[in-house]
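**Student:** Work the whole structure out from these sequences, hints included.
Listed below are the residues making up each chain.
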Amino acid sequence: MVAQAPSAVVPRRRVIGGGGRWVPYAFVTPFVLVFLTFMLAPIVIAVVNGLYSSQSSGLGFGGAETVFVGLRNYARAFADTDFLFSFVRVALYGVVQVPVMMVIAAVLALLFDSALVKARRFFQFAVFLPYAVPGVIAALLWSFFYQPSVSPLVQGLQAIGVDADLLAPGTVLWSVANVSIWSNAGINMIILFSALQSLPRDTFEAARLDGAGELRIALSLKLPMIAPAVMLTTLSTVIGTLQLFNEPQVLQFITPNISSDWTPNMAIYAVSTLGRDAHLGSAMAVILGLVTLVVSLVLVRFTNSSARGGAR
Amino acid sequence: MTAGLQQRPAAPVAPASQPRRRGRASRTVVSGGDRVSRGWMIAATALVAVASLYFLAPVLWLVVASTKSASQLFSTPGFSLADWHLWDNVRELSTYDGGIFWRWALNSVVYSVVGSLLTTLLCAATGYALAVYRFRGRSLLIAVVLGSMLVPGTVLAQPTYVLLVNLGLNNTYWGLLLPGLSYPFGVLLAWIFAQNAVPLELIEAARLDGSGEFRTFATLGLRLMSSGLVTILLFAFLGSWNNYLLPLLVLTDVELMPLTVGLTGWNQASITIPGLQILTVVGSMISVVPIAAVFLALQRFWRAGLTAGSVRG
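Protein chains in written order, with UniProt numbering: chain A, 1 to 312; chain B, 1 to 313.
Heads up, a few of these hints could be off.
[Claimed, not checked] Output of the computed footprint for chain A on chain B, the stretches with three or more beta carbons under 8 Å from beta carbons of chain A: (1) 76–90; (2) 125–135; (3) 146–152; (4) 175–183; (5) 242–249; (6) 258–264.
[To be verified] The following label-pair restraints were derived from C-beta to C-beta distances: (7) A:W174 / B:A82: 28 to 34 Å; (8) B:G137 / A:A168: 52 to 58 Å; (9) A:V88 / B:L140: 35 to 41 Å; (10) B:G98 / A:L299: 48 to 54 Å.
[To be verified] Derived, one-sided and incomplete: chain B residues facing chain A with beta-carbon distance under 7 Å: (11) W40; (12) P58; (13) Q158; (14) P159; (15) E213; (16) N267.
Treat the hints as calculated values from the structure; they're not laboratory data.
All figures in this text were calculated on a predicted structure; none of them were measured in a lab.
Every residue, glycine too, gets a C-beta built ideally from N, C-alpha and C.
**Tutor:** Take a look at the structure:
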């Protein structure tokens, strides 16, 4: 291929580029190929596919033909009030679920980081355990806790005189939120805990000598110092909220209060499969992708500016 | 990180890590002394214990429930043991519908094991190349890998499904395996691990000894990166083990389904077929406990990986 330069002439290049010039490309090609096929191509497909529509000719016999319809699929998606409301629903869900989960994760991480908790290894194991349970299995598991006929929870509440319907129209959103808090608080706790563990300890010792209590140290020293980790776990949780699918899709089987287009992703799934309109589904996926992108960028911007504000 | 394809972890971010064990030991001495009152200790432990109860209870219930008979599932209190029916349940599970459950389990194992091994190899090769070589397009590749981590996996599921239909790969093993191989977060981790663990002097020495570039990677690079690769392997494994939305879209053949799709299908059907409820419970238990055990047994590896990954993340 390429003539090898004598190593004495360009020793530095040899270190970073031995073999032929094609060698690094051979290393990255497999990944680049799957990346182009299953990351980039789907994005292009979604955008292009969303601009077309399949229209059956005549009485539905003789196959459908695909025609260019411009932004008509988008117009249909925006005219679909259920689809639009599914965004409002996940927003409402996120406004409650994200802070609750982050507070749980942060409080537990701070407690584990302090020397206050006994049997720390066991308790960390317990908090993290749900992360090893697949999301849909977690939903399935909690669905037994929500159905009055089997639920130890509902029966326990009944025993003390509380009649709880965890699947009622007003409560089902929070029952779904509970499942994802249960599933994901552990991994967020571990990430925050890892960040806390890597902080320099002498700062806290100095604060202690100055008479600061453990609570004060946790809130005004430790927490600001792990702000990047907090922001990133929050960001990924918010993105996850917009993608909500597994939990409500499973809980849908046990309650009529979760419709088939309850979240944006469920609506996309329903349209693509039951509605048999992959074109409309693609347009909806593009909308969801763009909304997610905008929300992420706003959050990143907000994070950066508040970080700068903190540094001032 | 709640949904489908996206259950792989987000980028961990933390300041540079220090040897953890040492830090922990010294801190325990510092605040474990008389400064911290006994009352606070009890209160904190109690709080954590209550939280742990919340996280443990559903799994505990699952284990207890799977030992009950179908009728006792409804008639006995959730957390107390009734007659021991576990083996009967497993036998029933193994024969129901021609033993389809074990077929699903095998599928899940194939998708996860084959998928995560291939994913890890791809990530390792790419991360190694990014760390060891300087080549045209390297910065572009890095930028694209970083940027694509903002693209949520579940949004891609629908167009991926459309793509697979066009390729004729829907309803095949490959249709589910191939999309999982694209794992930019794994590439990022592998790159970081390679930077930390593969000294360029060693590569150069291998070259002078006449080792080819690929042999150097296979014998030296992979070994040096191995502890980091365990992290990628575990998360890739968990990602495909938990995968739900894509198989739900892509697979229609019951024989090809993974456990997640099969069991939720049973759960749905149990509304009309009452006997399926206990089978769903036992099946869930069998699908959860071994994975949880493996994941928790290997805790030390992937935790260290998360911390190492955060050095430059």
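**Student:** If a hint holds in the structure, say so; if it does not, say that too.
**Tutor:** A quick look at each hint next to the structure:
| no. | hint | in the structure |
| --- | --- | --- |
| 1 | 76–90 | holds (count 3) |
| 2 | 125–135 | holds (count 9) |
| 3 | 146–152 | holds (count 4) |
| 4 | 175–183 | holds (count 4) |
| 5 | 242–249 | holds (count 5) |
| 6 | 258–264 | holds (count 4) |
| 7 | A:W174 / B:A82: 28 to 34 Å | 31 Å, holds |
| 8 | B:G137 / A:A168: 52 to 58 Å | 56 Å, holds |
| 9 | A:V88 / B:L140: 35 to 41 Å | 39 Å, holds |
| 10 | B:G98 / A:L299: 48 to 54 Å | 50 Å, holds |
| 11 | W40 | 6 Å, holds |
| 12 | P58 | 5 Å, holds |
| 13 | Q158 | 5 Å, holds |
| 14 | P159 | 4 Å, holds |
| 15 | E213 | 4 Å, holds |
| 16 | N267 | 5 Å, holds |
In summary, this structure violates none of the numbered hints.
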